[in-house]
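There are 2 protein chains.
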Amino acid sequence: MDISTFYCSKPTRSEKTIEDLMVSCLVEVNFLKDKEIQNILSLFHVQTFKKGTLLLNEGEIPRATYHNFGGCIRQFHLKNGEEKTTAFYTENQSVDAITGFSSNTPAPYYLECTEDTTVAILHRKGRSELFKCFPQFESLYRVDIEQKFHNYQQRFTHFMTSTPEERYLNLLDTRPDLLYRVPQYQLASYLGIKPESLSRIRKRIASK
Amino acid sequence: MDISTFYCSKPTRSEKTIEDLMVSCLVEVNFLKDKEIQNILSLFHVQTFKKGTLLLNEGEIPRATYHNFGGCIRQFHLKNGEEKTTAFYTENQSVDAITGFSSNTPAPYYLECTEDTTVAILHRKGRSELFKCFPQFESLYRVDIEQKFHNYQQRFTHFMTSTPEERYLNLLDTRPDLLYRVPQYQLASYLGIKPESLSRIRKRIASK
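Protein sequences, first through last, are from chains H and A. Just so you know, this note's numbering puts 25 at position 25 of the first sequence, and the rest follows in order with no gaps. Just so you know, this note's numbering puts 3 at position 3 of the second sequence, and the rest follows in order with no gaps.
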């Protein structure tokens, strides 16, 4: 089973629907029995948070991982009072803000729901239990985290080797939904530029 | 066992010394018997490459992972004929250029030894065998890759949220050896700036 099949293909806000979906995915895992599926599900918690909720504050030790089933989570840092947005996690994406979670140390960032957001939550203890009782999941998780790392490296490489305009065009190509879901100042920060530079880039492209 | 204990604390060019070191680390793993240690060692290959050797060309599928025991490996991309350096791996660092290796697809980058470099090589097949025969290693690897991902995220975050001068000062603080081991144009590229900007930053800091 590819871990991504865990996740729904369309955004939804119904917590019950999400739980049903998780069951149907687990049923496909051929090494699991019915009771085990229920045990695994009990480790996850599906919850909807209102827009504006901070899932994590800077300085807190992250105690859970999140998978986003519908909505948008923003990761940002505060530097000299200025917000620096480093990631957006939308439908079918896991929050891969691993810093702090893996090392059990205070996080240097915030996680904020920028829309009403429904997530499946897996706490640190639940994850350890999952790996202990079902070592196969650790193997699946290993493959999953390699894929995330791979995606992250591609993103960093693109960021390092591109001009701001190229970064914007890449965003248009890969995550066009962010353009209407996210305020311009957050988007500019995510692209590593000032809001006025983003405006200039958009005008330049629109006039072509 | 922390996987990092696998690695020598001082750079060395002696392949025999490195193999002895790997044995001494494996002896500490309490679930391994003597014969198993020999089996594991047989999966690794220690080799020294001359300065200038390309361990990987753009477009090749990466078939191995490397741990650097002495020397320097540079990762770079070619964009419009220009080299864009994205990483340096020096003593006691694993090459975490996972793109291509995890997905079994052509790599979009090069790996070049910028000094004579001694590495332990683990091929894809050897890694699968290691995980299959010793599932505990997959668990160690999972923790290791989480740590690498964590470090990588910190590096990207710093890159995104810092000025070029702050990036340079951070390099002075965290990897001062690179300043005398690496040509200025490669270092500038790694910092995301032009060589002339790096010269200006260095002069400004020297004059303070």
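No wet-lab data here; the hints were simulated from the structure. Do not rely on the hints blindly, as some may be mistaken.
Here are the simulated DMTMM-like pairs of lysine to aspartate or glutamate, each with C-alpha atoms no more than 20 angstroms apart in a straight line [claimed, not checked]:
no.	chain 1	residue 1	chain 2	residue 2
1	A	Lys84	H	Glu165
2	A	Lys208	A	Glu138
3	A	Lys132	A	Asp116
4	A	Lys132	H	Glu166
5	H	Lys132	A	Glu196
6	H	Lys125	A	Asp144
7	H	Lys16	H	Asp116
8	H	Lys84	H	Glu15
9	H	Lys125	A	Glu146
10	A	Lys125	H	Asp144
11	A	Lys51	A	Glu83
12	A	Lys194	H	Glu138
13	H	Lys132	A	Glu138
14	H	Lys148	A	Glu129
15	H	Lys79	A	Glu115
16	H	Lys35	H	Glu129
17	A	Lys84	H	Glu166
18	H	Lys79	H	Glu60
19	A	Lys125	A	Glu138
20	A	Lys51	A	Glu146
21	A	Lys132	H	Asp144
22	H	Lys33	H	Glu165
23	A	Lys194	H	Glu166
24	A	Lys148	H	Asp144
25	A	Lys51	A	Glu15
26	A	Lys79	H	Glu129
27	H	Lys132	A	Asp144
Here the structure is a predicted model, which means the values were calculated and not measured.
Taking the hints in turn, this is what the structure says about them:
Between Lys84(A) and Glu165(H) the alpha-carbon distance is near 18 angstroms, which keeps this suggested pair within the 20 angstroms criterion. The suggested pairing of Lys208(A) with Glu138(A) is violated, with an alpha-carbon distance near 50 angstroms, which exceeds 20 angstroms. At most 20 angstroms may separate the alpha-carbon atoms for a hinted pair to count; Lys132(A) and Asp116(A) exceed this at roughly 33 angstroms. As the CA atoms of Lys132(A) and Glu166(H) are separated by approximately 43 angstroms, the hinted pair breaks the 20 angstroms bound.
A distance of roughly 54 angstroms separates the Cα atoms of Lys132(H) and Glu196(A); the hinted pair therefore is violated under the 20 angstroms criterion. Our distance criterion of 20 angstroms between C-alpha atoms is met by Lys125(H) and Asp144(A), whose separation comes to about 19 angstroms. As the CA atoms of Lys16(H) and Asp116(H) are separated by approximately 16 angstroms, the hinted pair is consistent with the 20 angstroms bound. For the hint pairing Lys84(H) with Glu15(H), the CA-to-CA distance comes to about 31 angstroms; that exceeds 20 angstroms, so the pair is violated.
For the suggested pair Lys125(H) and Glu146(A), the alpha carbons sit about 17 angstroms apart, so the restraint of at most 20 angstroms is met. Proposed proximity of Lys125(A) and Asp144(H) is supported: the alpha carbons are some 19 angstroms apart, at most 20 angstroms. A hinted pair counts as satisfied when its Cα atoms are at most 20 angstroms apart, and Lys51(A) with Glu83(A) qualifies at roughly 18 angstroms. For the hint pairing Lys194(A) with Glu138(H), the CA-to-CA distance comes to about 43 angstroms; that exceeds 20 angstroms, so the pair is violated.
A C-alpha spacing of about 13 angstroms is found between Lys132(H) and Glu138(A), which places the hinted pair at or below 20 angstroms, so the restraint holds. Note on Lys148(H) and Glu129(A): the hinted pairing is violated, with a Cα-Cα distance of about 23 angstroms set against a maximum of 20 angstroms. Annotation: proposed proximity of Lys79(H) to Glu115(A) is violated, straight-line Cα distance about 38 angstroms (limit 20 angstroms). Only pairs whose Cα atoms come within 20 angstroms are accepted, and Lys35(H) paired with Glu129(H) is accepted, the gap being roughly 15 angstroms.
In summary, the hint linking Lys84(A) to Glu166(H) is supported, as the alpha carbons are separated by about 15 angstroms, within the 20 angstroms threshold. Distance check on the hinted pair: Lys79(H) and Glu60(H) sit about 17 angstroms apart at the alpha-carbon level, within 20 angstroms; holds. Under the criterion of a C-alpha separation no larger than 20 angstroms, the hint pairing Lys125(A) with Glu138(A) is consistent with the structure, at around 14 angstroms. This hinted pair does not check out: Lys51(A) and Glu146(A) have alpha carbons roughly 31 angstroms apart, beyond 20 angstroms.
The straight-line distance between the Cα atoms of Lys132(A) and Asp144(H) is roughly 18 angstroms, inside the 20 angstroms bound, and the hint therefore holds. The straight-line distance between the Cα atoms of Lys33(H) and Glu165(H) is roughly 52 angstroms, outside the 20 angstroms bound, and the hint therefore fails. The hinted pair formed by Lys194(A) and Glu166(H) meets the criterion: a straight-line CA distance of about 18 angstroms does not exceed 20 angstroms. Distance check on the hinted pair: Lys148(A) and Asp144(H) sit about 14 angstroms apart at the alpha-carbon level, within 20 angstroms; holds.
In summary, the hint linking Lys51(A) to Glu15(A) is supported, as the alpha carbons are separated by about 16 angstroms, within the 20 angstroms threshold. Restraint check: the Cα-Cα separation between Lys79(A) and Glu129(H) comes to about 46 angstroms, which exceeds 20 angstroms; the hinted pair is violated. This hinted pair checks out: Lys132(H) and Asp144(A) have alpha carbons roughly 18 angstroms apart, not beyond 20 angstroms.
Hints 2, 3, 4, 5, 8, 12, 14, 15, 20, 22, 26, counting from the list given before, are not met by this structure.
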